[in-house]
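A.B. asks: Given next are the chains, with one letter for each unit.
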Amino acid sequence: MNKTCFLSFFAFFISFFALAQNSSDNVYIPENFNSIKKYLSIINEKQLKKVEGPYASKIKKIYKDRDVKMTEAIEDSVYFFNPILKENLDAILQSVYIASDAYIEHNDFYFFVKNSTLPNAGCYGDGSYEISLGLFNLYDTDDELAFVICHEIAHDILDHSFRKINNTVSELNSKETKQKIKTIERNKYGQTRASLALINELNTDFLSHSKEVESQADSLGFVLFQKTRYNPVKALTALRKLKTEEDRFFNFPIHLDSVFNFKTYPFKSFWLEEEMTIFNTEEKIDDFKMSSEDEETHPEIDFRIKQLEEQFTIVDNQQSENNYLKSISEISISQSIVSSIDSNLFDLAIYQLIRKYNLGFITEEFYVSAMATVLTKVYKAKKNHELGSYVPRKNGFSSESELNKIRLFLHNLELGEVRNIGIAFCQKYLGENYQNQTINQSLTFFKL
Amino acid sequence: MAGVSISIVSAQEKKISDLTSFKLRNSGTLMDKEMDVDGYYLFYEMDKLKKGQREFSIQMMDKNLNEIANKSYVDHKNVSLVDSKFNNQALLFAFSNPGSENYKAIIFDRNANEVQNIEIPSNKKEKQWMSQLMAQGQANMIFTVDNKGFLFNHVIDNKKIGYGLKYIPTDGGNAWEYNSPTDVKEIKMINPIEANDKVVIALEMTKKSMLSGSVSMRIVVLDVNNGKLLFDRDYSRKDDPRFITNAFLKDDNSLVLLGEYFKSGDNIFKDKSLGLFAETTDLNGNKLNDSKVSWEDKIGKIMAEADPKDDNKMSKGYIYFHDIIRNQDGSYYAIGERYKKTISAGGLAMTMLSRGAGNSTQLTITDAVMFKFDKDFSLLDAEVITKGKSRIPIPGAFTGPQLAAHYINAIGGFDYQFTQIDTKRDRFYSSFIDYERIKGDKNKWSFTTLMHQDGKFAKDKIYLDTPNKSTYRRVLPGKLGHVVIMDYDKKEKSLDIHLEKLNFEIGLSK
Chain A
0 MNKTCFLSFF AFFISFFALA QNSSDNVYIP ENFNSIKKYL SIINEKQLKK VEGPYASKIK
60 KIYKDRDVKM TEAIEDSVYF FNPILKENLD AILQSVYIAS DAYIEHNDFY FFVKNSTLPN
120 AGCYGDGSYE ISLGLFNLYD TDDELAFVIC HEIAHDILDH SFRKINNTVS ELNSKETKQK
180 IKTIERNKYG QTRASLALIN ELNTDFLSHS KEVESQADSL GFVLFQKTRY NPVKALTALR
240 KLKTEEDRFF NFPIHLDSVF NFKTYPFKSF WLEEEMTIFN TEEKIDDFKM SSEDEETHPE
300 IDFRIKQLEE QFTIVDNQQS ENNYLKSISE ISISQSIVSS IDSNLFDLAI YQLIRKYNLG
360 FITEEFYVSA MATVLTKVYK AKKNHELGSY VPRKNGFSSE SELNKIRLFL HNLELGEVRN
420 IGIAFCQKYL GENYQNQTIN QSLTFFKL
Chain B
0 MAGVSISIVS AQEKKISDLT SFKLRNSGTL MDKEMDVDGY YLFYEMDKLK KGQREFSIQM
60 MDKNLNEIAN KSYVDHKNVS LVDSKFNNQA LLFAFSNPGS ENYKAIIFDR NANEVQNIEI
120 PSNKKEKQWM SQLMAQGQAN MIFTVDNKGF LFNHVIDNKK IGYGLKYIPT DGGNAWEYNS
180 PTDVKEIKMI NPIEANDKVV IALEMTKKSM LSGSVSMRIV VLDVNNGKLL FDRDYSRKDD
240 PRFITNAFLK DDNSLVLLGE YFKSGDNIFK DKSLGLFAET TDLNGNKLND SKVSWEDKIG
300 KIMAEADPKD DNKMSKGYIY FHDIIRNQDG SYYAIGERYK KTISAGGLAM TMLSRGAGNS
360 TQLTITDAVM FKFDKDFSLL DAEVITKGKS RIPIPGAFTG PQLAAHYINA IGGFDYQFTQ
420 IDTKRDRFYS SFIDYERIKG DKNKWSFTTL MHQDGKFAKD KIYLDTPNKS TYRRVLPGKL
480 GHVVIMDYDK KEKSLDIHLE KLNFEIGLSK
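Top line first, the protein sequences correspond to chains A and B. Note that numbering that gives the first Met the number 0 has the first sequence beginning at 0, numbered continuously upward. Note that numbering that gives the first Met the number 0 has the second sequence beginning at 0, numbered continuously upward.
Quick caveat, the hints were computed from the structure, so don't treat them as lab data. From the three backbone atoms N, C-alpha and C, an ideal C-beta is built for every residue, glycine too. Among the hints, a few may not be true.
[Claimed, not checked] Here chain B is said to cover these stretches of chain A; the calculated rule only asks that three of the stretch's residues, wherever they fall, bring their Cβ under 8 Å from a Cβ of chain B:
(1) 82-95
(2) 221-235
(3) 300-312
(4) 370-384
[Unchecked claim] EDC-like mimics (lysine to aspartate or glutamate), calculated; alpha carbons at most 16 Å apart, straight line:
(5) 288(A) - 66(B)
(6) 283(A) - 156(B)
(7) 458(B) - 272(A)
(8) 423(B) - 385(A)
(9) 423(B) - 274(A)
(10) 123(B) - 170(B)
(11) 47(B) - 200(A)
(12) 207(B) - 289(B)
(13) 187(A) - 156(B)
(14) 288(A) - 373(B)
(15) 423(B) - 272(A)
(16) 177(A) - 211(A)
(17) 37(A) - 107(A)
(18) 126(B) - 108(B)
(19) 283(A) - 108(B)
(20) 179(A) - 200(A)
(21) 460(B) - 385(A)
(22) 423(B) - 413(A)
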């Protein structure tokens, strides 16, 4: 990470963080909220007008009020609005639009940034899209992000969203499905098992189309991507990183016993003590499990990479750009943490803080301020008997091993122990070469 | 990276949804003898099958409310899941079908495989008796012998009413049965109260007839490996009436019995006790120690010191003991609630208006009390914990305050909920429901827990009234030191369930 660049954002982070603490709603509600509401209403109207066919009325019911639901999601702080991030994202978007101007009607396009640490992107099929903060944090180059944008635009061009809804509604209302339901209703015995089998069959059908659909979007997306100035091989890099992220996410080693070990208050091993469970199994035992539950909602990345390599000759032109993604990542790295704290997702916040601090993505001052804030909020949640509403309990069947450790730690702590950790943590960093209002405030809070 | 999914609801989905809706038959917690929750279960009716059968689903959650298993079970349509326990080796579910002449005990190992399916004979009358005993808190159907087996307690209809205690091993040991004699002319009931890898301690209660108000207690000590009677001790009304509330097995396998003692000839349910006792016996039946602490000499004095405003109220009221806890250092705490019989003004008016048909008397329940005893059961101290007054009407049949208190306890009328013992941290948690009358604010119901550690008490409180008027809150036992908070929003029709640790800040640093 370039030090000069980093320092230039240093003051921004601190002021941003302080601002976020006092009025965090500002980053979640856009300044032009009214015009966004109008935009959502307009694109929804356009979408409804496009719907036709035998199930038009049923499909229209699905789309009806989607603009209202999106507005509610914005008010619920699901999305993040930052002018600098938008400016940099728009720059990459413009490269894509200009390169494929003849193919993309982008006047109605809007990319919402979702407050989620999971790398993902999506297309609603009406011109609105989402990209998560996690996706910005995953990539290193503008090229990789540009490919994802092309992939999502391809979904739109191929009308995948509408087709999926249409296919689902058609299948559910088909003569065949109606007949199957009638047969089940006429059965005197075993109705539930027969219904579960039908649901399984329908789910399997819906999910099996996903793989083809993603591959189609990869292919058309690559065609659009090739028209840009970006390095074609970065399309494969973008997909590969998604795969490794699925394997690695939430499994960065955290070492809580050193993070929360202080001379004045040493770490206690029983804070990570596990309990005996009733069953010694590696996964939930379910005599009613449907085979469709094992199907992946994201088709295998290896399959998709192979498809692309077979369809296209992908040449590495040895170039790539990082003009805009760098700025985007710097904002999204801190915003991921801030939104986790604002949403009381304390386990996720602690995980990100430790990981990003250890990897040098955030400064010590940011780390210390944010962690002090988290500890204060954890104390308050415990005091009000609300921690369980925000932080799930450790789940033995989950592969999020490091996140599970944090959950176990937070739930094992006694209220007084949180206080003592808070005091020890703040005292450790007090007197460092930076002034930190948050540390002082937190220390005062814990000492009262 | 896919097209974002949108929720689809159609008439067909609703039809499918109706076909797959499940009825909840029973639910419960898997609780051990320290009142620690090991998990939870939900018993659903899933599907109608031929010949009056149903397919059921037993959904199990661990102590952290994570779903761990969903097992299919086929049985008669009228079956219910009566009780369930976990003994660290296996999980037992007890089923009862009113139309059949047995209970069924199904046992799962720790890989969730069904390993045993046992039928225990029990007719309709026997089952009714057992249900009543369980509802009144007088008997546990299943008692765990940790890491060894289960004890299955049931009623046997012989010449009078008797009992059967069936031991089901889970460690490869021998099964056995210990039943009441078939030729006695008294009603006998049994309740296992303690067990380890060597012995089972059970409390046998005897009375002459259904209507008899006189009960004798007898302690029965059995060899857990073969069911052989090692010794027993009678606490008959005539000679040595005692009301035994707790039993502990010490590391040296000596048995400590705790409870209240009475004057010879007194009725342990109707008469006032003389005080508390702790009796220690070895496993050959030899009495090693018998300590008594009387109301008159000792407890009254300590209470007056503990509560100076009391003004010798001890003479005007009683204490109902719910539990006696033994700490790791051998000391004890007895947990009780003060109560007295009072006249209800409203009830009296009703009685007069209805020409004697109403209830004019009530039990007024006030503060909680904690008595501390040393390891020799000498009374050291008493702590009075103030809480709001509760008033429960008493049916006319219960003329004596002690009997009325037993009745109130049986219907869950006391504020006391339960005590959990954390042997690892040498703590206990005692919970009460309290109705707080707050000056300058609305009165509130609260779930209040007292924790004891290192000789000190601390208190935590969860209000049952929430700021949101459409939300209904319940607080249920959770794993040690925790409670489950269930918030149901009637308006939103949403249910939020979360497990929360109870908070105590009494200098726990380092």
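A.B. asks: A separate judgement is required for each hint: does it hold in the structure or not?
C.D. replies: Checked hints:
no.	hint	result
1	82-95	violated (count 0)
2	221-235	violated (count 0)
3	300-312	violated (count 0)
4	370-384	holds (count 3)
5	288(A) - 66(B)	holds, 13 Å
6	283(A) - 156(B)	violated, 42 Å
7	458(B) - 272(A)	violated, 25 Å
8	423(B) - 385(A)	violated, 26 Å
9	423(B) - 274(A)	holds, 12 Å
10	123(B) - 170(B)	violated, 32 Å
11	47(B) - 200(A)	violated, 22 Å
12	207(B) - 289(B)	violated, 29 Å
13	187(A) - 156(B)	violated, 39 Å
14	288(A) - 373(B)	violated, 55 Å
15	423(B) - 272(A)	holds, 12 Å
16	177(A) - 211(A)	violated, 27 Å
17	37(A) - 107(A)	holds, 12 Å
18	126(B) - 108(B)	violated, 27 Å
19	283(A) - 108(B)	holds, 15 Å
20	179(A) - 200(A)	holds, 11 Å
21	460(B) - 385(A)	holds, 13 Å
22	423(B) - 413(A)	holds, 15 Å
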